[in-house]
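Q: As a plain string of letters, each chain reads:
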Amino acid sequence: MAAPVQSPVDTQAATTQTMTIGKALNNGLRASMEADPKVLVMGEDVGKLGGVFRVTDGLQKDFGEHRVLDTPLAESGIVGTAIGLAVRGFRPVCEIQFEGFIFPAFDQISSQLAKLHYRTQGKLKAPVVIRVPFGGGIGAVEHHSESPESLFSHIPGLKVVSCSNPVDAYWMMQQAISSDDPVMLFEPKKLYHSSALKAPVDTTATPDPLHSSRVVRHGDAATIAAYGPSLPVALDAATAAQEEGRSLEVIDLRTLSPLDLGPVFESVRRTGRLVVVSEAPSEVSLASEVAARVQQECFYSLEAPVQRVTGFDTPYPPAKLEEHFVPDLDRVLHAVDNALEW
Amino acid sequence: MPSPEQWTRPDPGAGPAATAAQPSPEQVIAGLRATTEGGAELTQLLTPEGERLEDSRFDPYLADIDAEALRGLYRDMVLVRRADRESNAMQRQGQLGIWVPLLGQEAAQVGSGRALRPADMAFPSYREHGVAYTRGVDFRELLGIFRCTDHSGWDPAEYGFHPYTIVIGNQVLNAAGYAMGQKFDGKVGNADDADNEATIVYFGDGATSQGDVHEGFVWGAVYDAPVVYFCQNNQWAISEPTERQSRLPLYQRARGYGFPGIRVDGNDVLACLAVTRWALDECRHGNGPVLIEAFTYRMDAHTTTDDPTRYRLSDELEAWKLKDPIERVRAHLARAGSGEQDFFDSVDAEADEFAAQLRDFCFNMPDPPPERIFSEVYADTPAALDAQREEYLSYLAGFAGGEH
Ligand SMILES: Cc1ncc(C[n+]2csc(CCOP(=O)(O)OP(=O)(O)O)c2C)c(N)n1
Ligand SMILES: [Mg+2]
Chain A
1 MAAPVQSPVD
11 TQAATTQTMT
21 IGKALNNGLR
31 ASMEADPKVL
41 VMGEDVGKLG
51 GVFRVTDGLQ
61 KDFGEHRVLD
71 TPLAESGIVG
81 TAIGLAVRGF
91 RPVCEIQFEG
101 FIFPAFDQIS
111 SQLAKLHYRT
121 QGKLKAPVVI
131 RVPFGGGIGA
141 VEHHSESPES
151 LFSHIPGLKV
161 VSCSNPVDAY
171 WMMQQAISSD
181 DPVMLFEPKK
191 LYHSSALKAP
201 VDTTATPDPL
211 HSSRVVRHGD
221 AATIAAYGPS
231 LPVALDAATA
241 AQEEGRSLEV
251 IDLRTLSPLD
261 LGPVFESVRR
271 TGRLVVVSEA
281 PSEVSLASEV
291 AARVQQECFY
301 SLEAPVQRVT
311 GFDTPYPPAK
321 LEEHFVPDLD
331 RVLHAVDNAL
341 EW
Chain B
343 MPSPEQWTRP
353 DPGAGPAATA
363 AQPSPEQVIA
373 GLRATTEGGA
383 ELTQLLTPEG
393 ERLEDSRFDP
403 YLADIDAEAL
413 RGLYRDMVLV
423 RRADRESNAM
433 QRQGQLGIWV
443 PLLGQEAAQV
453 GSGRALRPAD
463 MAFPSYREHG
473 VAYTRGVDFR
483 ELLGIFRCTD
493 HSGWDPAEYG
503 FHPYTIVIGN
513 QVLNAAGYAM
523 GQKFDGKVGN
533 ADDADNEATI
543 VYFGDGATSQ
553 GDVHEGFVWG
563 AVYDAPVVYF
573 CQNNQWAISE
583 PTERQSRLPL
593 YQRARGYGFP
603 GIRVDGNDVL
613 ACLAVTRWAL
623 DECRHGNGPV
633 LIEAFTYRMD
643 AHTTTDDPTR
653 YRLSDELEAW
663 KLKDPIERVR
673 AHLARAGSGE
683 QDFFDSVDAE
693 ADEFAAQLRD
703 FCFNMPDPPP
713 ERIFSEVYAD
723 TPAALDAQRE
733 EYLSYLAGFA
743 GGEH
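Residue numbers (my numbering), protein chains in the order written: chain A, 1 to 342; chain B, 343 to 746.
One or more of the hints may lead you astray.
[To be verified] Computed from the model, here is a short list of chain B residues facing chain A with C-beta under 8 Å:
| hint | residue |
| --- | --- |
| 1 | I508 |
| 2 | S581 |
| 3 | E582 |
| 4 | Q587 |
| 5 | R714 |
| 6 | F716 |
| 7 | V719 |
| 8 | A725 |
| 9 | L735 |
| 10 | Y737 |
I should point out that these hints are in silico values taken from the structure, not numbers from a laboratory. Please read these numbers as outputs of a predicted model, since none were measured by experiment. Backbone N, C-alpha and C define an ideal beta-carbon position, used for all residues, glycine too.
This is chain A alone, in the form it adopts within the complex (with noise of 0.2 Å):
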């Protein structure tokens, strides 16, 4: 009997599934972890429990407990015994629970992860990948909601990346692992589950460069900038505006550090107006950063101020409070009838 012709349709099948965020997430890392015996998985409760997301989940029953280490409470101790495998040969991935809890490896990431290759000239690479679940909107207790992004994006040397949909997790999860950079892969933590953001994710796809930042909605009346937690929000404006005759353009910044802003430059030269929208509180931000390199490539195209739709300048409140604080509709299209009418 003939073996059966497979139509290019059905191979597209065979490597398309659609799934949530969090599982092309764990896609990504299984295939990191299958391509490369190096890379390592790496953080509190990843292994048995599979994180208290279940990202990591079935890879420590899969790969061995020599592959997915649940590690002593202590996230210096993550990032800097990360930083020694590395330095060895491995490609760890770290997991922080929740960005609230980076801080104790702030020390580790900023003295010793981003300035290695500097300090030896390139003698030494750290391929560690540090996965931070962040943002809010969760309904959770305090240091479980926070966007410190910016903080990171701050230090040269490090790479900072954030995904909002299940395509870019799968892909970006591989990238950030096979880069020789330190990458800190910042997760959507509301959006890991939502079965509305589920999206078929093609394996055999030709991905996007990691560092670059997409347009992910045509237009032409202002443009929208965000990333990771604030994408849904920044689409469903763009979908309301255009209920009201408005098209507007959004862009999905992906790469925080380096910043790849030559899409949104390309597109205020035709709008003229830009919002930008993220959770992080706006002094000092990763927001004001792309208001500042607009204004400054942008200037004679611009029609209103860069706007910026963010977190107060405040602690994250009690989460009772956080529909106020987290960039919500009404906040972004004020901010865009603010651009338009100024």
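Chain A is already provided as a structure; the job is to place chain B with the ligands on it using the hints.
A: Same frame as chain A, now just chain B with the ligands:
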């Protein structure tokens, strides 16, 4: 206390170093089972069967604990457990965002908390509802944290009870610093003991791996600070058994820092009371710090969002149920003839009432107003923040006025 020479480096896999007894290496490696045995070094004054053991070292610290006082401790634990269970249930009903159960740790918390004097200071982690209760913090004041209306309710100075600390280990350094302050203020080693003070700080077995905890030990030691490090070893740090944190029993770590460490049966309220009184006494007299490892068990999930069936077996819980902290006091009272059924019934009725009040309070808790976001960020508020608040409030007022 054994000297370091008395223990040898454990042969990996030959035994669970952190607990000095029982589960097989495979079980430890699998992380499936924590031990139920505290080992020979465990200080216990009341057996799980309710039998009072004599102890020449610690009995003097219980001289005032007559039948009435013991009934008081029993009542404390029953009320605290009932409030804990009610809060857990309220989380299930959507009234609380999360709950952190203390089930099983009542004796460790009530015993150590009742050892404190009003002038002493306690630094909790996030599970110390029983200690809060002994400090006079109304259980209702804890709920705001878990209903997410507040980050911390009570006035720490009023109760001698610091805010809950969620970032693992942070509070150990803060407590060491507070105790240094007590010493610098001349509140240690006075002839009149009423003039002396001490600090106690609570943390878990998992926390012992944090740099802050290690540094807290170093600071307390170097400054002879009057601080009792009270580690509740409840066998688990979420899904990781204590073996993930240490090769040797945790209390033995104290030796390396130069102060005494002691392991107490954390399910024995009398032992926890006596040993903590002793430790605080040492601190007040200038012989601090002291490390206490309360050997206990987290009988419920880590929090209401946790699913322990993923990492531990239920027979472990069954074994610990036999060591229940409340049941042994009840058995002892009944055995000694000082606990009549009437008394147990009245405590249960009181607990029901306590829970009902808690419930009523919780269901009627108001949400905080939006201006709370901006309030008290600083002692001296920058003008820019005032302006941000005003801008946001007027934006909100715009909705009320139908502008949008
Ligand atoms: C610095 C930091 N890292 C991680 C966490 C997340 N976390 C909360 S509780 C916990 C386990 C703590 O275990 P243990 O110290 O034994 O205390 P227990 O919860 O058992 O009382 C972890 C990892 C945290 N709160 N802070
Ligand atoms: Mg514990």
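Q: Next step is simple, just say for each hint if it's right about the structure.
A: We went through each hint and held it up to the structure:
The beta carbon of I508 (chain B) is positioned within 8 Å of a beta carbon in chain A (closest approach about 5 Å), and the interface hint is therefore held. Satisfaction of the interface hint for S581 (chain B) is found here, the shortest Cβ-Cβ separation to chain A being roughly 4 Å, below the 8 Å cut-off. A distance limit of 8 Å between C-beta atoms decides the matter here; for E582 (chain B) the minimum to chain A is near 5 Å, and the interface restraint holds. For Q587 (chain B), the interface hint holds, since its Cβ comes within 8 Å of a Cβ in chain A; the closest pair sits about 5 Å apart.
A distance limit of 8 Å between C-beta atoms decides the matter here; for R714 (chain B) the minimum to chain A is near 6 Å, and the interface restraint holds. Contact between F716 (chain B) and chain A, as hinted, is supported at the beta carbon level, the nearest pair being about 6 Å apart and thus within 8 Å. Contact between V719 (chain B) and chain A, as hinted, is supported at the beta carbon level, the nearest pair being about 5 Å apart and thus within 8 Å. Given hint, A725 (chain B) at the interface with chain A, is violated; its Cβ is 12 Å from that chain's nearest Cβ, farther than 8 Å.
Hint on L735 (chain B) is violated. Least Cβ distance to chain A is approximately 10 Å, over the 8 Å limit. At its closest, the beta carbon of Y737 (chain B) sits 7 Å from a beta carbon of chain A; the interface hint therefore holds under the 8 Å criterion.
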